[in-house]
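Chemist: Here are the chains, one letter per residue:
Protein chains: 4
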Amino acid sequence: MPRTPEQNNQIRQQRKNQILGAAFEVYTEKGFQSMEMGDVAQKADIGRGTLYHYYKNKTMLMRDVFALKLEEAKITAAKTLSTDQKPIIRLESFFRQELIAHLHHPLRYRFFKYFFEDVHEVYADSAEKVLQDFETNNYQPLMTTFQQAIDDGTIKAMNPTRLTQLFWGAFIGMPAYIDNSDFLQNPQEWIEDAMTILFDGIKKHT
Amino acid sequence: MPRTPEQNNQIRQQRKNQILGAAFEVYTEKGFQSMEMGDVAQKADIGRGTLYHYYKNKTMLMRDVFALKLEEAKITAAKTLSTDQKPIIRLESFFRQELIAHLHHPLRYRFFKYFFEDVHEVYADSAEKVLQDFETNNYQPLMTTFQQAIDDGTIKAMNPTRLTQLFWGAFIGMPAYIDNSDFLQNPQEWIEDAMTILFDGIKKHT
Amino acid sequence: MPRTPEQNNQIRQQRKNQILGAAFEVYTEKGFQSMEMGDVAQKADIGRGTLYHYYKNKTMLMRDVFALKLEEAKITAAKTLSTDQKPIIRLESFFRQELIAHLHHPLRYRFFKYFFEDVHEVYADSAEKVLQDFETNNYQPLMTTFQQAIDDGTIKAMNPTRLTQLFWGAFIGMPAYIDNSDFLQNPQEWIEDAMTILFDGIKKHT
Amino acid sequence: MPRTPEQNNQIRQQRKNQILGAAFEVYTEKGFQSMEMGDVAQKADIGRGTLYHYYKNKTMLMRDVFALKLEEAKITAAKTLSTDQKPIIRLESFFRQELIAHLHHPLRYRFFKYFFEDVHEVYADSAEKVLQDFETNNYQPLMTTFQQAIDDGTIKAMNPTRLTQLFWGAFIGMPAYIDNSDFLQNPQEWIEDAMTILFDGIKKHT
DNA sequence: CATGAATGAGAATTCATTCAT
DNA sequence: CATGAATGAATTCTCATTCAT
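Quick note, the sequences are listed as chains A, B, C and D, same order. Using my numbering, the first residue of the first sequence is number 1, and each one after it goes up by one. Using my numbering, the first residue of the second sequence is number 1, and each one after it goes up by one. Using my numbering, the first residue of the third sequence is number 1, and each one after it goes up by one. Using my numbering, the first residue of the fourth sequence is number 1, and each one after it goes up by one.
Watch out, some of these pointers could steer you wrong.
Copies of one chain are not kept apart here, so a pair can be met inside one copy or by any two copies together.
Claimed, not checked - Here are the simulated lysine-lysine pairs, DSS-like style, with alpha carbons at most 27 Å apart:
1. K86 to K203
2. K79 to K203
3. K156 to K16
4. K30 to K79
5. K203 to K74
Treat the hints as calculated values from the structure; they're not laboratory data.
Full structure from sequences and hints, please.
Modeler: Here is the structure:
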């Protein structure tokens, strides 16, 4: 007997998740150009042709990956950044949490690293809109929190947009270059040192 | 009459520079996988076959680009980091100078961004050795200077290797993500804010 | 509905045979260097890309062709050489049969002609091993039969390895050089004359 | 002061010999398709471009190589085959001498092996004429001598054209297949065994 | 829906030949 | 004449995508 439409939908959604997960992994390992649809299919444990039942092409697949991960990041951020703690505390929580997340999925940070590189190739003309959305959905909460911390005098007065971008860049960059063996071997220390640099700077303040 | 060996050498050297320059440009725009030998040839204003007169293949060409740029970076670093000023001053000079360089050669920072991504593909088994060399030649002087600044009490005590990597990552990351329109429009302010974050942290110290 | 694995296997096997047959033909016409993958595809009546679905590259394709033909030759030889007739009779049958086979498949002898030329290019470092195997699988039965004929006094005492090689070389060489119009026009006579030279020599024995 | 025309001619001829020698060597190692003009130039110790002062292209170069070697072979044959000894003795001398020559230039035999393969590619439409000439100049003396040996009853009555071709093929084939280590290690024995097979056959005649 | 076979456009690479000096 | 730099046509090979079952 044929499946009900809901069953079909459910199967379809589950398959999509399977594919999305595989695509995300392959993507963080290789980037857009170098990732191969065959690898995605293999990792998702489905046939190569099956991918194309769910996604018209590589581009559309990656758009979905991007959308999903951006949404996830947005939710995570919202959760951490909208508590009723002091702004500076919320910021520290957010970044510490993200660094800890890197630890559990060591290639996770690469997602954002690659995202900004590939966004124009994947979205073509609508890339600007996507970046705009990213700014609204993902940066905005961060920016607002930075602003609050500026307002309550806990951090220095700075253009909050620029601050957010610089801070975010520095944060993504930290695990991105050179080997991460130190990060993996002494994660606690590494994370605290990274937090210190970002929040307190390297100078000794007397 | 044939050209003299010196003439040939000169031609070869000039042509190599031409190719290296073109390859560097294309590389910083596209990365290893996406750059096409045809683009390099076109940008260098030579025939596609001529590339192969000078470089056995794409990999060897990129190895030469890497070697050249790493060498250049090493020399620049040495110059700035070995003055007789106080360590903290030298560090600030170095990073400020690098950020100013980014301003004049907007794709320059991408080189390092891509380098760490592609090093394994380009060098295969010897990638680890290359990274080792990079650490020795390029990180070492920085690390030493950090150590000196720690020793004279101007910066906080931290594992200098980790510090160097974190700092470098943050520094590369800052201009690497999202649009750089702000950077291009208000370079002076942007640079000073970046310097502040890196050296003083974002917190207000009373 | 997807094909069953057996169906796929069958398709794969059939396609491989198609390709192997085409490759063999093109190879015996041109040799390794000059054969073009495009010709093979065309002769096999498949797309150029499909070749690479089945064989990683030209080299691997030829390795399979070699393996197949060597195996076939081995089986043919075994069949003819292991009857319970007198050794000399078996030898004569074997070579006469091979010459008749040449007649029906005029390019067949070229396979061995080219094989020894290309084996080093196709197998690189393992070429020696392949030749060793060839000697074991294909020469051995012949050698053994020669030895038996020596033992029963029907042929002259000679080092059987050298004898096999010389004999085989002479046998391959006979149809290999100059035009074969005579061979095609008077196959029976040609074959008998070749057999005479090889087995009785050209001298008249009184 | 400029060279005299004769001097120029002499230089030209010497250069040509240099090139011809190099081309012959490369050819016997690789065959027509696989030999590279660069290798010829290198072996001849001249510039790549210089080749083209002497030969319009690869084809013309090889035609000259062929012509030269065929001429040499013809002269050698004439010398050995036109003594006043018995025909059978002359034939044995000729082939023994050729086998000894192989010993000194181990790839020499390949020349004829490749020649018949490449003649059509190198000469295109005139290939038939070239083969005709080869038959006239190189085979004819051999054929005549075979005929004489048939006439004086020392060898069996056979169609002399076919005999020549079969014999020649067998003779070229002997050193051509499988490794020639035995040939190089025990040349005397190898040659005598080869002579025996060709002239006396492998059967024991009582 | 599911699948792997099939495909061809496109990229890397080779190498005989031409050309400027 | 001599040379090596320069070139592009021809070839191998890759991989996203389509197709038959």
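Chemist: The structure should be examined with respect to each hint, and the outcome stated for every one.
Modeler: Verification of the hints:
{"no.": "1", "hint": "K86 to K203", "in the structure": "both (24 Å within a copy, 13 Å between copies)"}
{"no.": "2", "hint": "K79 to K203", "in the structure": "between (32 Å within a copy, 23 Å between copies)"}
{"no.": "3", "hint": "K156 to K16", "in the structure": "neither (45 Å within a copy, 49 Å between copies)"}
{"no.": "4", "hint": "K30 to K79", "in the structure": "neither (30 Å within a copy, 36 Å between copies)"}
{"no.": "5", "hint": "K203 to K74", "in the structure": "between (33 Å within a copy, 25 Å between copies)"}
Against the hints set out earlier in the document, violations occur for numbers 3, 4.
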